Amino acid sequence: MSAKKDKTFLIFECANETLAFAADFVKEVKTSKEIHALPCNKSKEIIMGITNINGELVIIANLASILGKTDNSTKTSFIVCEHSNLKIAFLTGKILKMVKKQNCEIAPAIPEKKSKAQIFDESIFYEEQTIVKSLNAELLLQAVARKYL
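So for the sequence shown, our numbering puts the first residue at -16; every next one is plus one.
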């Protein structure tokens, strides 16, 4: 069995950083839609509500807040991620592009210090002289479900 030679990522902006999700977990990207508040939601800064995406109600989570960052930029997009029948739409900034990277271009993320944001860092790579942090979408989905849903 041979190792994969490349991996595809969706690159986007969030909290003044350039981040990415592995395309394997991204089901679709949507522009911001109406978000309906959830009654008795005690974590409004993380779980923003629900929205209808293609006839299905999907939980909307604020990615910057999950990462423990302040984000005053305009959030314009939802990145719908899915794993093991768990689907969450992460509210982010501008979607930049999809890229393919070879394994030799991707380095594991090594946290400098323990922080809330770095728990989800999976790898790093360069794209057009910009450092891109790839987030572990599977871990993010599981953490949000376990803690907030």
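Please keep in mind that the hints were generated in silico from the structure rather than gathered at the bench. Please read all numbers here as calculations on a predicted model, not as lab measurements. Even glycine gets a Cβ: it sits at the ideal position worked out from N, Cα and C. Accuracy of the hints is not assured; some may be wrong.
[Said to hold, decoys possible] Below, a list of computed lysine-lysine pairs in the PhoX-like style, where the Cα atoms sit at most 25 Å apart:
#1 Lys13 with Lys58
#2 Lys130 with Lys(-10)
#3 Lys10 with Lys84
#4 Lys80 with Lys116
#5 Lys77 with Lys10
#6 Lys58 with Lys(-12)
#7 Lys116 with Lys130
#8 Lys83 with Lys10
#9 Lys77 with Lys116
#10 Lys(-10) with Lys16
#11 Lys77 with Lys13
#12 Lys(-12) with Lys52
#13 Lys52 with Lys77
#14 Lys16 with Lys84
[Claimed, not checked] Across the chosen pairs, the derived CB separations fall in these ranges:
#15 Glu28 with Lys83: 30 to 40 Å
#16 Glu11 with Ile107: 35 to 45 Å
#17 Thr113 with Thr59: 28 to 38 Å
#18 Val12 with Lys(-12): 34 to 44 Å
#19 Val12 with Gln125: 32 to 42 Å
#20 Lys(-12) with Leu40: 30 to 40 Å
#21 Ala126 with Gly32: 10 to 20 Å
#22 Lys13 with Thr(-9): 32 to 42 Å
#23 Gln101 with Leu69: 29 to 39 Å
Evaluated hints:
Taking the CA atoms of Lys13 and Lys58, the gap is near 12 Å; set against the 25 Å cutoff, the hint holds. Of the pairs offered as hints, the one joining Lys130 and Lys(-10) is violated, with about 29 Å between alpha carbons and a cut-off of 25 Å exceeded. Note on Lys10 and Lys84: the hinted pairing holds, with a Cα-Cα distance of about 19 Å set against a maximum of 25 Å. Between Lys80 and Lys116 the alpha-carbon distance is near 14 Å, which keeps this suggested pair within the 25 Å criterion.
Taken as a hint, the Lys77 and Lys10 pair is honoured in the structure, with Cα atoms around 17 Å apart against an allowance of 25 Å. Annotation: proposed proximity of Lys58 to Lys(-12) is violated, straight-line Cα distance about 33 Å (limit 25 Å). Using a Cα cut-off of 25 Å, the hinted pair Lys116 and Lys130 holds, with the two alpha carbons roughly 23 Å apart. Restraint check for Lys83 and Lys10: the C-alpha separation of about 17 Å stays at or below 25 Å, so the hint holds.
Proposed proximity of Lys77 and Lys116 is supported: the alpha carbons are some 15 Å apart, at most 25 Å. Our distance criterion of 25 Å between C-alpha atoms is broken by Lys(-10) and Lys16, whose separation comes to about 30 Å. Our distance criterion of 25 Å between C-alpha atoms is met by Lys77 and Lys13, whose separation comes to about 11 Å. The hinted pair formed by Lys(-12) and Lys52 fails the criterion: a straight-line CA distance of about 33 Å is larger than 25 Å.
A threshold of 25 Å between alpha carbons decides the hint, and for Lys52 with Lys77 the separation of about 17 Å falls inside it, so the pair holds. Restraint check for Lys16 and Lys84: the C-alpha separation of about 31 Å exceeds 25 Å, so the hint is violated. About 35 Å separates the C-beta atoms of Glu28 and Lys83, a value consistent with the hinted range of 30 to 40 Å. A beta carbon spacing of about 25 Å between Glu11 and Ile107 contradicts the range 35 to 45 Å that was offered as a hint.
For Thr113 and Thr59, the hinted distance range of 28 to 38 Å is not satisfied, since their beta carbons lie about 19 Å from each other. Remark: the range hint 34 to 44 Å for Val12 to Lys(-12) is contradicted by a beta-carbon distance near 25 Å. At roughly 21 Å, the beta carbons of Val12 and Gln125 sit outside the given window of 32 to 42 Å. As the Cβ distance of Lys(-12) to Leu40 is approximately 38 Å, the hint placing it in 30 to 40 Å holds.
Between Ala126 and Gly32 the beta carbon distance is about 19 Å. The supplied range of 10 to 20 Å therefore holds. Lys13 and Thr(-9) have their C-beta atoms about 19 Å apart, which leaves the hinted 32 to 42 Å range violated. Between Gln101 and Leu69 the beta carbon distance is about 22 Å. The supplied range of 29 to 39 Å is therefore violated.
Violated hints, listed in ascending order, are 2, 6, 10, 12, 14, 16, 17, 18, 19, 22 and 23; each of the other numbered hints is respected by the structure.
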